[in-house]
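Participant: Residue strings, one per chain:
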Amino acid sequence: MSHDGHHAVTIPAPGPEFVPHTIAHHFDTPVQEFQSAKLGFWLFLATEILLFGGLFAAYFFYHEQYPETFRQGGRQLDWVLGACNTTVLLVSSWTMAMGVRAAQTSQKQKTLLYCGLTVLGAAIFMIIKFFEYKAKNDHGLFVFTDMFGGYDTASGQLSWFKDYDGVMANVPHGHLFFAIYVTMTAIHGIHVLVGAGLIIWIMKGAAKGRFHSGYYLPVDLVGLYWHLVDLIWIFLFPLLYLVP
Amino acid sequence: MTTNLPAIDRPLIEPARKTFWNVSTGFMSWAGTLDHKRIGIMYLVGVTLAFLSGGLFALLVRLHLWEPHGLLFENDAYNEVFTLHGAFMVFLFIIPAIPASLGNLVLPLQLGAKDVALPRLNLLSFYLWLAGALLTVVSIVLGGFDTGWTFYAPYSLYTDKAVISIGLGIFLLGFSSIFTGLNFIVTTHKLRAPGLTWFRMPLFVWALYATAILQVLATPVLGITVLLVAFERLYHIGIFDPRLGGDPVLFEHFFWFYSHPAVYIMVLPAFGIISELVTVHSRKPLFGYKLIAFSSLAIAIISFLVWGHHMFTSGQSTYALFAFSFLTFFVAIPTAIKEFSWVATVWKGSIDLNSPMLYTLAFLIIFAIGGLTGVILGALNVDIHLHDTYFVVAHFHYVMMGSIALAFFAGLHHWWPKVFGVMYDEFLAKIAAVTIFIGFNATFIPQFIMGSRGMPRRYATYVPEYMAYHRASTIGAMIIGLGVALMVYYLVASLLQGKKAMQNQWGGVTLEWHSPTPPPLENFEKPPVMVGEVYDYTALDLETTRTPAS
Amino acid sequence: MSAHTHNPTGHDHSGSAHGAHAHGELAMGHHHVSTPELFRNVLLVLLVLTAITVGVSRIDFGGANMLIAMAIASVKASLVIAFFMHLKWDTGINKIVFLSAFLFLSLLFIFTLGDQATRRLDHEMHATKAGVDKQWVQPPPAGKH
Chain A
173 MSHDGHHAVT IPAPGPEFVP HTIAHHFDTP VQEFQSAKLG FWLFLATEIL LFGGLFAAYF
233 FYHEQYPETF RQGGRQLDWV LGACNTTVLL VSSWTMAMGV RAAQTSQKQK TLLYCGLTVL
293 GAAIFMIIKF FEYKAKNDHG LFVFTDMFGG YDTASGQLSW FKDYDGVMAN VPHGHLFFAI
353 YVTMTAIHGI HVLVGAGLII WIMKGAAKGR FHSGYYLPVD LVGLYWHLVD LIWIFLFPLL
413 YLVP
Chain B
826 MTTNLPAIDR PLIEPARKTF WNVSTGFMSW AGTLDHKRIG IMYLVGVTLA FLSGGLFALL
886 VRLHLWEPHG LLFENDAYNE VFTLHGAFMV FLFIIPAIPA SLGNLVLPLQ LGAKDVALPR
946 LNLLSFYLWL AGALLTVVSI VLGGFDTGWT FYAPYSLYTD KAVISIGLGI FLLGFSSIFT
1006 GLNFIVTTHK LRAPGLTWFR MPLFVWALYA TAILQVLATP VLGITVLLVA FERLYHIGIF
1066 DPRLGGDPVL FEHFFWFYSH PAVYIMVLPA FGIISELVTV HSRKPLFGYK LIAFSSLAIA
1126 IISFLVWGHH MFTSGQSTYA LFAFSFLTFF VAIPTAIKEF SWVATVWKGS IDLNSPMLYT
1186 LAFLIIFAIG GLTGVILGAL NVDIHLHDTY FVVAHFHYVM MGSIALAFFA GLHHWWPKVF
1246 GVMYDEFLAK IAAVTIFIGF NATFIPQFIM GSRGMPRRYA TYVPEYMAYH RASTIGAMII
1306 GLGVALMVYY LVASLLQGKK AMQNQWGGVT LEWHSPTPPP LENFEKPPVM VGEVYDYTAL
1366 DLETTRTPAS
Chain C
34 MSAHTHNPTG HDHSGSAHGA HAHGELAMGH HHVSTPELFR NVLLVLLVLT AITVGVSRID
94 FGGANMLIAM AIASVKASLV IAFFMHLKWD TGINKIVFLS AFLFLSLLFI FTLGDQATRR
154 LDHEMHATKA GVDKQWVQPP PAGKH
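Residue numbers (the numbering used here), protein chains in the order written: chain A, 173 to 416; chain B, 826 to 1375; chain C, 34 to 178.
Hints may be right or wrong, so weigh each one.
Derived coverage of chain C by chain A (criterion: at least 3 residues anywhere in the stretch with Cβ under 8 Å from a Cβ of chain A; other residues may be distant) [said to hold, decoys possible]: (1) 69-76; (2) 95-105; (3) 126-136; (4) 151-160.
No wet-lab data here; the hints were simulated from the structure. Ideal placement from N, C-alpha and C gives every residue a C-beta, glycine not left out.
Take the sequences, apply the hints, and build the full model.
Facilitator: What follows is the structure, encoded as structure tokens:
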């Protein structure tokens, strides 16, 4: 008897501007496919929490070890720019949620609009980040152009920590704050870029009519990723920027 | 369905049946496959090569230690050789081996599913493993690494070796492991056959599920640790480097937060194999099925609470030391529950002393020693003296090699007929099993003794007082090598000229034995429905469903 | 199956929404659609909390600074997770998965930061003990190897 006669399960398109979706062959129902993908993605988000969590553990550890260094270092960051970035990300989370909703309710143009706004938010975030990094570079607190110059054991001089204004002169291991600041925000920034790329990919699919009330799974998953990016920043902002 | 055909030497003339082996041909049909069975085979080849390479490094280490002043290498080169042995064995073999090879081959079959839930992710897992393996090999060429597989700071920050490239390799291997675990969790939740409730699942699935929880939750911390070491080397964060205000003990906390659960990632699947095999090969339902199932979860959770016992002498606070030592003893409880349940299963069973069962019985003995010596090491005041001695080396080889590797061999032999459709030479298999058992104990019992007498680990040379122990250990290692070589020989021979296997070679009752041997692409001719309880042998006809012991 | 059979003003449901709005056997069975009003309200609360975070940081509460900042951040995070990420209406296993990540992460924090915190107690203990207490190993008697 043939077991290859497995007929494909297809979700029909709800309108002419959309296309139907065929579920993967190893699934029996669309519900199974949807729930499997969602569970898998939540598991992936859990791994991201633990990955970033390690960085936060290191932050708390050294914050406790060198409180003056972290206080003084935090003062060098522009909290206004940080608050702007927080606002941008929160609003972009809102636009992303609206974008997923638009896909769920088969509103093609709105899906594209909200996803586009989210990408715009990502761009604004990265531009603000760029100016922040530039300021650190110019003040010698993290000289990106001399990042890999090494550590001279004899003089104790780090190639990228020049501290032209001497703001960290009176605290121990001043470079540590900026190293942690750059590492955490850069890894977060990479996730912002990846998220933006994924949303652009969703927009291309949405333009082709792939996402609608019968099948909006990829939009949902990319949305979850974007919210994770927002979540991490929600914690990063007060820790790094807001010094009492 | 061929269960009622008698076992015969040569197949009758029959139409060529499409199995997963021949359903499609060509390099791309393997390189781009989404079939969990083909992915499992590719992993099997990979981890076997890793095991043999790691074993080769082990033989070099043991040969070098024949002489007190070191026979083969300069001290620095010796550091690289034992590091490679550890790195290959831990990252390329033991962590992936059982879940990614046997798990991939067997788990969907045991669940009555057509495949894992996320087949493309499964293929990605394999390519991540491959990339990690290639990076590891490349790192050897690029200068090697000599930090021990644990790459502790601060040495790993300063050493003039290929730490970053091997770190990147480990990062990729970590994600390979994470994605495999993720896949198995989703598959277990969502793709079980009708009637297959959680408490009718085979215990191998429970074991892989508990393992998957650890893979998903613990491995990311290894990922960030490896990244941070790479960043330290690249631009000197100062996070682990004491010259820059960092704390090397923080590295150890991060490293062991993963690496202790990692040892349970390694051993839980082995426990799962033993659970399967004791019941099938004693033709008796498992004693304490729920106990064993829950103990796997308990071990997974407790494993997150004890990592500091790897760092008793590193400089933690006394309070942390007490906490970790106290908590360490608890993990012995669910582990002991398993050991006793297995023995109770075998007791008064109809035992078939075939090669899988020989490995299984060997496991029961060896793991008892390995586990108990772990409890000894968990005692804070004793560990102060035993830390970094050969006692520790012997302990972890008893659990890693004597238990996990033997369980891997057991599972390999047990599912060999199902996967490959052929049987190996049972007589040679028994010889190899006994040889490996003898060789293993000969290698590591002397190490317990000399470790308790102060022989430090990772030393390229030693004082002559320990020479007899080292030589005995080296001879034992050679015996293991012979046993493994014999195993490779007859397994390869079975692929070339083996007898055709029965559909249900051992008389098992879990769902994988209901599929054709070897299975077709979608695993079952009709989607199976589970009726009745798991490990219920009453329905089986003993005469037609079991190979007579030979 | 047209697009607007979905309830555009669908209300929040507590508990998991398994197939609560199934539309035929090919539907996805998981149809809770939040309202735009809900999303807008959540955003406003998030922005207000952000303002509070900044305002509160102007005051020095000493050791509690970090705790207060993290507490407010946790509230914001919970809103994003429950409403934007839809977890409130998601299956139980998805909730368990995500929340257990935070749970196990907290173990890393507790033991590592706990170790750091209690080292201070060790130092204080050693500082106050008389020197002779610290000699756990007696020097060997003269003449013996």
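Participant: Are three or more residues of the stretch 69-76 of chain C within 8 Å, CB to CB, of chain A?
Facilitator: holds (count 5)
Participant: How about the stretch 151-160 of chain C: do at least three of its residues have a C-beta closer than 8 Å to a C-beta of chain A?
Facilitator: n = 0 at 8 Å, threshold three: violated.
Participant: Report holds or violated for chain A covering the stretch 126-136 of chain C, Cβ cut-off 8 Å, minimum 3 residues.
Facilitator: Holds, because 7 residues of the stretch 126-136 of chain C bring their Cβ atoms closer than 8 Å to Cβ atoms of chain A.
Participant: Against chain A, does the stretch 95-105 of chain C show at least 3 residues with beta-carbon separation below 8 Å?
Facilitator: holds (count 5)
Comparing the model with each numbered hint stated earlier shows that hint 4 is the single one that does not hold.
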